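Q: Just need the whole structure built from these sequences, with the hints factored in.
Single-letter residue listing:
Number of protein chains: 2
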Amino acid sequence: MSEVQQALDYVRGNGERYLNELKDFLAIPSISTLDENKADVQRAAEWVAAQLRSMNMDNVQIMPTARHPVVYGEWLGAGKSAPTVMIYGHYDVQPVDPFELWTSDPFGAVVRGDYLFARGSSDMKGQVMASLKAVEAIVRTTGLPVNIKWLVEGEEEIGSEHLGEFIKNNKEMLASDFCLNPDAGMMGADKPTITTGLRGLAYFELKVYGPDKDLHSGLFGGTIHNPAQAMIELIAGMHDKNGKITLPGFYDKVRKLSKKEREEFKRLPVSNKELIAMTGVPALWGEPQFIPSERVGARPTLEINGMISGFTGQGAKTVLPAWAMAKISCRLVPDQNPEEVFKQMKAYLKKNAPKTIKWELTNLHNAGAAIVESDSAGVKALAKALKSVWGRQPYFKREGGSIGSVVLLQKYVGADSLLTGFGLPDDNVHSPNERLHLPTWYKGIEAFTHFFYNFK
Amino acid sequence: MSEVQQALDYVRGNGERYLNELKDFLAIPSISTLDENKADVQRAAEWVAAQLRSMNMDNVQIMPTARHPVVYGEWLGAGKSAPTVMIYGHYDVQPVDPFELWTSDPFGAVVRGDYLFARGSSDMKGQVMASLKAVEAIVRTTGLPVNIKWLVEGEEEIGSEHLGEFIKNNKEMLASDFCLNPDAGMMGADKPTITTGLRGLAYFELKVYGPDKDLHSGLFGGTIHNPAQAMIELIAGMHDKNGKITLPGFYDKVRKLSKKEREEFKRLPVSNKELIAMTGVPALWGEPQFIPSERVGARPTLEINGMISGFTGQGAKTVLPAWAMAKISCRLVPDQNPEEVFKQMKAYLKKNAPKTIKWELTNLHNAGAAIVESDSAGVKALAKALKSVWGRQPYFKREGGSIGSVVLLQKYVGADSLLTGFGLPDDNVHSPNERLHLPTWYKGIEAFTHFFYNFK
Numbered sequence: 002m003s004e005v006q007q008a009l010d011y012v013r014g015n016g017e018r019y020l021n022e023l024k025d026f027l028a029i030p031s032i033s034t035l036d037e038n039k040a041d042v043q044r045a046a047e048w049v050a051a052q053l054r055s056m057n058m059d060n061v062q063i064m065p066t067a068r069h070p071v072v073y074g075e076w077l078g079a080g081k082s083a084p085t086v087m088i089y090g091h092y093d094v095q096p097v098d099p100f101e102l103w104t105s106d107p108f109g110a111v112v113r114g115d116y117l118f119a120r121g122s123s124d125m126k127g128q129v130m131a132s133l134k135a136v137e138a139i140v141r142t143t144g145l146p147v148n149i150k151w152l153v154e155g156e157e158e159i160g161s162e163h164l165g166e167f168i169k170n171n172k173e174m175l176a177s178d179f180c181l182n183p184d185a186g187m188m189g190a191d192k193p194t195i196t197t198g199l200r201g202l203a204y205f206e207l208k209v210y211g212p213d214k215d216l217h218s219g220l221f222g223g224t225i226h227n228p229a230q231a232m233i234e235l236i237a238g239m240h241d242k243n244g245k246i247t248l249p250g251f252y253d254k255v256r257k258l259s260k261k262e263r264e265e266f267k268r269l270p271v272s273n274k275e276l277i278a279m280t281g282v283p284a285l286w287g288e289p290q291f292i293p294s295e296r297v298g299a300r301p302t303l304e305i306n307g308m309i310s311g312f313t314g315q316g317a318k319t320v321l322p323a324w325a326m327a328k329i330s331c332r333l334v335p336d337q338n339p340e341e342v343f344k345q346m347k348a349y350l351k352k353n354a355p356k357t358i359k360w361e362l363t364n365l366h367n368a369g370a371a372i373v374e375s376d377s378a379g380v381k382a383l384a385k386a387l388k389s390v391w392g393r394q395p396y397f398k399r400e401g402g403s404i405g406s407v408v409l410l411q412k413y414v415g416a417d418s419l420l421t422g423f424g425l426p427d428d429n430v431h432s433p434n435e436r437l438h439l440p441t442w443y444k445g446i447e448a449f450t451h452f453f454y455n456f457k
Numbered sequence: 002m003s004e005v006q007q008a009l010d011y012v013r014g015n016g017e018r019y020l021n022e023l024k025d026f027l028a029i030p031s032i033s034t035l036d037e038n039k040a041d042v043q044r045a046a047e048w049v050a051a052q053l054r055s056m057n058m059d060n061v062q063i064m065p066t067a068r069h070p071v072v073y074g075e076w077l078g079a080g081k082s083a084p085t086v087m088i089y090g091h092y093d094v095q096p097v098d099p100f101e102l103w104t105s106d107p108f109g110a111v112v113r114g115d116y117l118f119a120r121g122s123s124d125m126k127g128q129v130m131a132s133l134k135a136v137e138a139i140v141r142t143t144g145l146p147v148n149i150k151w152l153v154e155g156e157e158e159i160g161s162e163h164l165g166e167f168i169k170n171n172k173e174m175l176a177s178d179f180c181l182n183p184d185a186g187m188m189g190a191d192k193p194t195i196t197t198g199l200r201g202l203a204y205f206e207l208k209v210y211g212p213d214k215d216l217h218s219g220l221f222g223g224t225i226h227n228p229a230q231a232m233i234e235l236i237a238g239m240h241d242k243n244g245k246i247t248l249p250g251f252y253d254k255v256r257k258l259s260k261k262e263r264e265e266f267k268r269l270p271v272s273n274k275e276l277i278a279m280t281g282v283p284a285l286w287g288e289p290q291f292i293p294s295e296r297v298g299a300r301p302t303l304e305i306n307g308m309i310s311g312f313t314g315q316g317a318k319t320v321l322p323a324w325a326m327a328k329i330s331c332r333l334v335p336d337q338n339p340e341e342v343f344k345q346m347k348a349y350l351k352k353n354a355p356k357t358i359k360w361e362l363t364n365l366h367n368a369g370a371a372i373v374e375s376d377s378a379g380v381k382a383l384a385k386a387l388k389s390v391w392g393r394q395p396y397f398k399r400e401g402g403s404i405g406s407v408v409l410l411q412k413y414v415g416a417d418s419l420l421t422g423f424g425l426p427d428d429n430v431h432s433p434n435e436r437l438h439l440p441t442w443y444k445g446i447e448a449f450t451h452f453f454y455n456f457k
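Residue numbers (my numbering), protein chains in the order written: chain A, 2 to 457; chain B, 2 to 457.
Read the hints as simulated data drawn from the structure, not as lab findings. Computed from a predicted structure; not experimentally measured. Among the hints, a few may not be true.
In this list, chains with the same sequence are indistinguishable; a pair is considered to hold if it fits within one copy or across any two.
Okay, derived cross-link-like pairs now, DSSO-like style, lysine-lysine, Cα gap no bigger than 30 Å in a straight line [stated by the list, open to error]: (1) Lys-351 / Lys-260; (2) Lys-356 / Lys-274; (3) Lys-351 / Lys-242; (4) Lys-344 / Lys-24.
A: Following this line, the structure appears as structure tokens:
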């Protein structure tokens, strides 16, 4: 029996236990953005460290950062001639609100049909488990043919705030040839995917202050500038009539798509009809000169992620609010720089904010956009592994999301990320009823098992 | 001793008990807009009815409407040759959020310095008590020189939703020569005021729907129209660059101010500096061709009273929200019609809403604007009463708020309202830490005591 076959047999013999362990992992509400969940985030880190120790990884550590810790572990027994593969993951998850839209407890994972429902099941505890369990199978059978280093962080959902400093401070420990990163998902259950580009992110909180307390809109309306109105006029002005973003200099560094890149986008199996069915919108929206996959993969956006002001309860309250707040984020593309976009946003506000209100802009987090080399040994080994399981060449695509680690590892370790994963587009990632397609997840464990043997 | 002097002596001898009774009234959280407070609203009605019975009013009833009841009571012993004065009040109050900004329990009235702090203290349980206690003093001493009818409703803070039907159905019972309405406040503790005009109100809730659930802003941003963005662009477009409201036909029926009216506005003791100090804004705002008191008294507005969408918690969540909601209201002036403004808002949305989202507009409530005759016997009796206590002629002004009963009583009973009151501009009405200036309140009780003797 070939080596990979021995490991695959182990995977198949342990599938039920793997699922139960994933459920345990998902029971920890490791919401990184909420202070009240700080202890849970720590508990999730300890859970990952225990997994690494149980499969005989060396030097397993829970390493503190200014907020949530990084879990590290390594096995370097394959020697200097073998490649060193970093495996990236994050054990933190998104908040669960709106909670009332969940069909079952977000932290009580349940299987319904082919799916496992829980916050983090797809993004990305399920993906972390796929890599852990592939490595476990190899360790328990043939032993690892490559060196590996684990980097599992707890701040991905808040923009990997302290990961940059961590990587910068631990360059030598983290030195690797490339990084396997299963946080990028696939285009469909029968469409294995390798992502070669990511958008960046610049995320802001804008607060606009009017009167020093809520006022009666009858007694003051007409003389006091309503901060909600002032704010929405400012934000509305951030797009022009054609949907173009008006921050000064915003498009200056946007890299133009080549003819070849546009052809690749056209080949991707994404139909407008499917997008409409998946989201329930009456019609798609966006820059008409680009197709949807280009708009998501290679065009920047400016988005309201949330906003609040005044009275939002039942019925009517005739209030002129004291303040208004909006969370605004820009998805960025090469070669935009999030720090520059923050400056552009500030410049826009300075120029356009009226003198009748006060405003405050906070830079909540930043991530650069990234493009990955698509014909490296790592990408080839990954593509071969995916083909072994799915029986077809993977799709190569550029993704609309941001993964902080990708830019940081390129910058400080010089390692490209191999972006893939087994999350599906309709997994309700960041939404209520997040789910993981279990048949695809099991295929994913097998694909990662193949992957580590593909360097021989 | 004159009759009025006897009654005034009674008032002065009972001041402490009056205050304690007001505290009891303020302890009832009669928030009319919240379903959870329905029983409290009923309890407040019963409290008022008990007051009326205790001062030997006849025919005291708690009369149901489709939501909150009206308290009625009468004393018609002065005979047909004496005038019949209706006394209007409302026993319901505004919600208390943002609760965290209150220094003390909104329903545990406490005196600090010259002020009594509680929700409803100024708007308008304190004013209701001023009229109750003036009448009590007269009843207990000389007897009433006029006929009176009490109309105390529980829906003023939600636009007097069912008061119109109630008044229409009880025209004969309510027949009166005019209505004393102390819900309009005064311009300063030394500035007794009679209000001769009120703005109307048209209050809407706008909901904009995008995708059928919250989406990941990275995976979908650029292809799916963000409903928060769509909504704020729609609302931003409701004002043009000069601050003019763009709803089609909005200004068509706005009555122009006469030269005389503008001169009256100019005489009002309102300074821009005071307005800025009172509200804490960096600068005033509004139509430059009108002074602030004109903008509040005689110009229409379109205001955001509240809005919410997406993630508004701590930190960052990269969500493309499923929906956005805004509460929008227009203050109206003669001769605008709130039903027509609802149609104008709908027409605006139909014309301007993009096809990439769905929207829904709900008409939450309406009130017409009103102008009151300023040289009637009622106004003269009230002006004389105020002058007796403050030693000066009252100011005659037009007010920015809306009082549903004023329009309804004009329409169905043919009775003009005598708008006055003892609330001050800095009482934090509709805001945290609402308060009542007690020295002014006691003067108010005395002024109302004078008032009823001024028809002889």
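Q: For each hint given before, does the structure comply? Return the numbers of the non-compliant ones in rising order.
A: 1 and 4
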